[in-house]
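With the hints as your guide, set chain B onto chain A.
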Amino acid sequence: MTRRSDTAITPDASASASASASASARPLLDVRDVRKTYHLPRGQTLKAVDGISLSVMPGEVLGLVGESGCGKSTLGRCLLRLTDVSSGEILFEGQDITALKERALRPLRQQMQMVFQDSYASLNPRRRIGDLLAEPLRVHPDPDGRKRSRATITARLHELMDLVSLPVSALERYAHEFSGGQRQRINIARALALSPRLVVADEPVSALDVSVQAQIVNLFADLQARLGLTYVFIAHDLAVVRQISTSVAVMYLGAVVELGETDAVLHSPAHPYSAALTAAVPRPVVGAARAAPLGGDIPSPVARPAGCRFHTRCPFVQDRCRVEEPALHVIEPGHSVACHFPLAEG
Amino acid sequence: MPAETIPMLPAPLLEVRDLCVSFPSRGRMIPIVEHVSFTLGERDILGLVGESGSGKSVTAMALMGLIDSPGVQITGSALFRGQELVGLAQKQLLRLRGSEIAMIFQDPMTAFTPVYTIGWQIDEQIRAHERLSRKQARARTVELLADMGVPDPARTADRYPHQLSGGLRQRAMIAMALSCNPSLLIADEPTTALDVTVQAQILDLIRSLRSTYGSSVLLITHDMGVVAETCDTTLVLYSGRVAETGPTDALFAHPGHPYTAALLASIPPLDGPRPHRLPAIAGAPPAPLERPAGCAFAPRCSYAHETCRDAPPPLVPLVPAGQAGQAGQAGQNTGAQSAANIQQQSAQFAACVLPAEGTLLLPRLLEADTAMSSPGGIILGLSDQGIQPMLSSAGEPPL
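Same order as they appear, the protein sequences are chains A and B.
With my numbering applied, the first sequence corresponds to residues 1 to 346, in that order.
With my numbering applied, the second sequence corresponds to residues 1 to 399, in that order.
Isolated chain B, as found in the complex:
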């Protein structure tokens, strides 16, 4: 599959092109991640979302140079501020990791060593990258912990990981990750182990980082709710391949890939009418070795037809509302000029044959005006913008 040309943002912080990761097993290579491309701008939050085994963590580990299993094959390119990360020597990676790119993990208990205090570990990280005295480092640590909303930061710094609650440990880990002011923070399921009320606090904190620390965040999660609340851009992975990518609001309002649409539909709603049955997706994602030759989702897809089974469909642009007419033309004529034109204007891409065939999925059914209020002045509802269909389905038979 060729690399897709996604319109260039001004000076992206991270530009990943055609990243592939394969692991050897019993004499053959198992492709875990195939041709993943994305761009992360300064102060952007990009959500990498997918089910278990979709390759989201492996993608992040490959970017950080953290995959060292023998025989692993990483190809493609990942430019961080113009510097190639794929194949970079460990020595140079060491300089980048922690100071320029930092990572936080799902389980802060195993990310900290249990035998040193939280403060000691953050001090050490600071002193590994900067020439500071112990005292200066500790002052910075305490300040960071305070910034992360840790109560009584000076005393908390003297505590061991097991003495803190899950939420405080995660705050401490974010403090450690931010200690050298990295421009990129990779957060791998940072709230999955946390309770929902604490998750809300940590997501607030992550959202605030771009203004307080100027950090970009690559947020890896399986939770579509977390993505909707946190990320500017969303990349949906399915079985190691990009299924869909685009601005979060557009993608959630009008998913272009049947997998995205089905995944969103299968989440039980918390507001509005309760469906009699959940629209579940039949079957399970394929194992990497059993991935079909064509679209990986085809065996579970209700729109699948012959063209889906030949080769993995390339990422094609979906068209913003105004250009719906042109899209129809492009679909039929595939005129090089109009296609290029659309490519520049669209930011939402789906690896699916439907858009090229002129078949458009319907926008998500959401009750626009069922803004519900609950006690305590909490208003739950949708903004007008959130339900604007991105594609005009006029003239298309409903699917």
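If we strip away everything but chain A, and leave its shape as in the complex, we get:
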């Protein structure tokens, strides 16, 4: 295994990771050393996102996984500039969105949309679904810069209901009249109203029951194939991420510790944390051998360990890990890891 000292996955490597997904060589989303620091009382700082670089090619589905507090949601919000970054660049089709003024950003907002975890909190309970879904269509002009007519909007709403397999009659109803799965379909329909290119989905299925979750995961996959969408799919459930993603970024305490194609990261993880995370998921199979669980808790992001951020829990920790922070480096084409001693191919 060759080791290079690149701080980020190289454009070549990321392109080869998704070569099948797109003919275009330019990433849709290019994240360069993004940081988001929160200043707490008593001079403490919380580095929610601590220098992340990655890129997402058009048509790719990037799964962002990690445990609570790892910064995956903060990163997701930064990608859409729902949260301003502290430093770094986020290029959407080559344009840095971190520097844009709100007015200049508005046309880009149509291109990138978000689906949230809580399907109920995301829908105004006092407005009809049709009204909620029409709002983005009323706010944003059509691609020719003209205001959409009422008839165009109605036609689009019917299209959207069809896309997410809901009856048109749903448009006349209120959020509370739907089940969790149906509400999430409505949220997806709203996110798709303006035909975005990028959808950031933050734990979109984790509040759903398993039998319903499968329907929504399938819907995400169908829509992606049908509309050529690009997703950043944030989830803590590795099985769901594996089902939908072409590549996976594993996050721990604000940083990406491993990045690569889904099967490479989940089946031959190079970072001990990715390996432990995969092994810790209970399999619905009796008699599946279990690994000894990782000890300890995730350290507080306010008091991040020096050196490798994972060294306090790592079963393979060495002296070097306690002092020197490993950079994310390429270990094979399309597969990078931030570890001084990456695990050998299983």
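Keep in mind the hints are simulated off the structure, nothing from the lab.
Among the clues, some could well be false.
[What the hints assert, rightly or not] Straight-line distance between alpha carbons at most 25 Å, and here's what the computed SDA-like set of lysine to any residue pairs gives: (1) A:Lys47 <-> B:Ala193; (2) A:Lys147 <-> A:Asp131; (3) A:Lys47 <-> B:Leu94; (4) A:Lys47 <-> B:Leu164; (5) A:Lys47 <-> B:Gln163; (6) A:Lys47 <-> A:Asp84; (7) A:Lys47 <-> B:Ser165.
[What the hints assert, rightly or not] Output of the computed footprint for chain B on chain A, the stretches with three or more beta carbons under 8 Å from beta carbons of chain B: (8) 213 to 225; (9) 239 to 250; (10) 270 to 282; (11) 288 to 297.
C-beta atoms are modelled at their ideal positions from N, C-alpha and C, and glycine is treated no differently.
Frame of chain A; chain B shown alone:
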């Protein structure tokens, strides 16, 4: 529906028969839990699994006598060491709760009061049931916390709930629940709020309780993975009714109820080939008032036919591998003797008309020999026993 006769284990700790819980709403009674029966033996771990609204938490709350909403109707029987829990006076319940039956909840943050230290709260619980001095109680608390794997237990006891991580809070809550050495621990989604690496630690701890504390555990969860890893016996609830029950290994290897089979199939796999699409179950579970007259799962079931829609199907035994031939006979002749014989030998029951009609579901498709190894010496695979089909489907048309 009549109570099902499930073979008696020697001296069960908890025997629940025909438990029904209904809540009044707008002048009528809404049945939330209908005819739930199960037996929990000493040092057993029973998994109560189901989706939200399936009645798993209400079942546990009814057992603990924690449902006090006006007009609630609880019928049936729950014998704990021979003592009837249903309808037991609050005064007697108070004596049982905490000392004999303890409960832990999903969210340890709301289960502890934020204004006292963890140690103070555990001390108080011990002193409520036993005559101990503060000092003695604290010594026990510290010992319990240490047993639960809490680092630096003496100092942790002096901390407030908000100062601890989720995993430590859950450990502290288990310590509190075990403080009076209860014989039954009811754990309601104990790991749902935890991260997966911490969940693995807590599940290890729960599994170890039966040897260290001799406790039986009633584990309530929605996660089939947690059940497979933790429970000896599994009870699958669907819309307030028992869909299937049996030894965990048998039930997971060869689900007898189409709901169990479909639920297991809809979980995205983490190992092996990635399916192009997940076999999702269409629709959603019915609301209690919209529960169909027949099988509650029938509207979503791909095997549903006329007989499913008349009345809720009773729990019928599925037959262990050796007796497959007899099962076919029993299905056709329904000879009282052979049926009784099977009832004694089988431990897996499904509330479905298919077994009685002689139609058997196929065993779960699992790749037996795809034992995968991942770095760090972690071997993921299946034991031989895990994939042994419980039912012989020879001669049956595949469904």
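Hint check results:
Only pairs whose Cα atoms come within 25 Å are accepted, and lysine 47 of chain A paired with alanine 193 of chain B is accepted, the gap being roughly 23 Å. Only pairs whose Cα atoms come within 25 Å are accepted, and lysine 147 of chain A paired with aspartate 131 of chain A is accepted, the gap being roughly 16 Å. Simply put, lysine 47 of chain A and leucine 94 of chain B have alpha-carbon atoms about 48 Å apart, too far for the 25 Å limit, and the pair is violated. Between lysine 47 of chain A and leucine 164 of chain B the CA atoms are separated by roughly 20 Å; this keeps the pair inside 25 Å, and the hint holds.
Distance hint between lysine 47 of chain A and glutamine 163 of chain B is fulfilled; the C-alpha atoms sit about 20 Å from each other, no more than 25 Å. Among the hinted pairs, lysine 47 of chain A with aspartate 84 of chain A is consistent with the structure: their alpha-carbon atoms are about 14 Å apart, no more than 25 Å. Among the hinted pairs, lysine 47 of chain A with serine 165 of chain B is consistent with the structure: their alpha-carbon atoms are about 19 Å apart, no more than 25 Å. Counting residues of the region 213 to 225 of chain A whose C-beta lies closer than 8 Å to any C-beta of chain B gives 6; at least three are required, and the coverage claim holds.
For the region 239 to 250 of chain A, the assignment as covered by chain B holds, since 4 residues bring a beta-carbon within under 8 Å of that chain's beta-carbons and 3 suffice. Coverage of the region 270 to 282 of chain A by chain B holds in this model, with 10 residues showing a Cβ closer than 8 Å to a Cβ of that chain against a need of three. Counting residues of the region 288 to 297 of chain A whose CB lies closer than 8 Å to any CB of chain B gives 8, so the stated coverage by that chain holds, three being the minimum.
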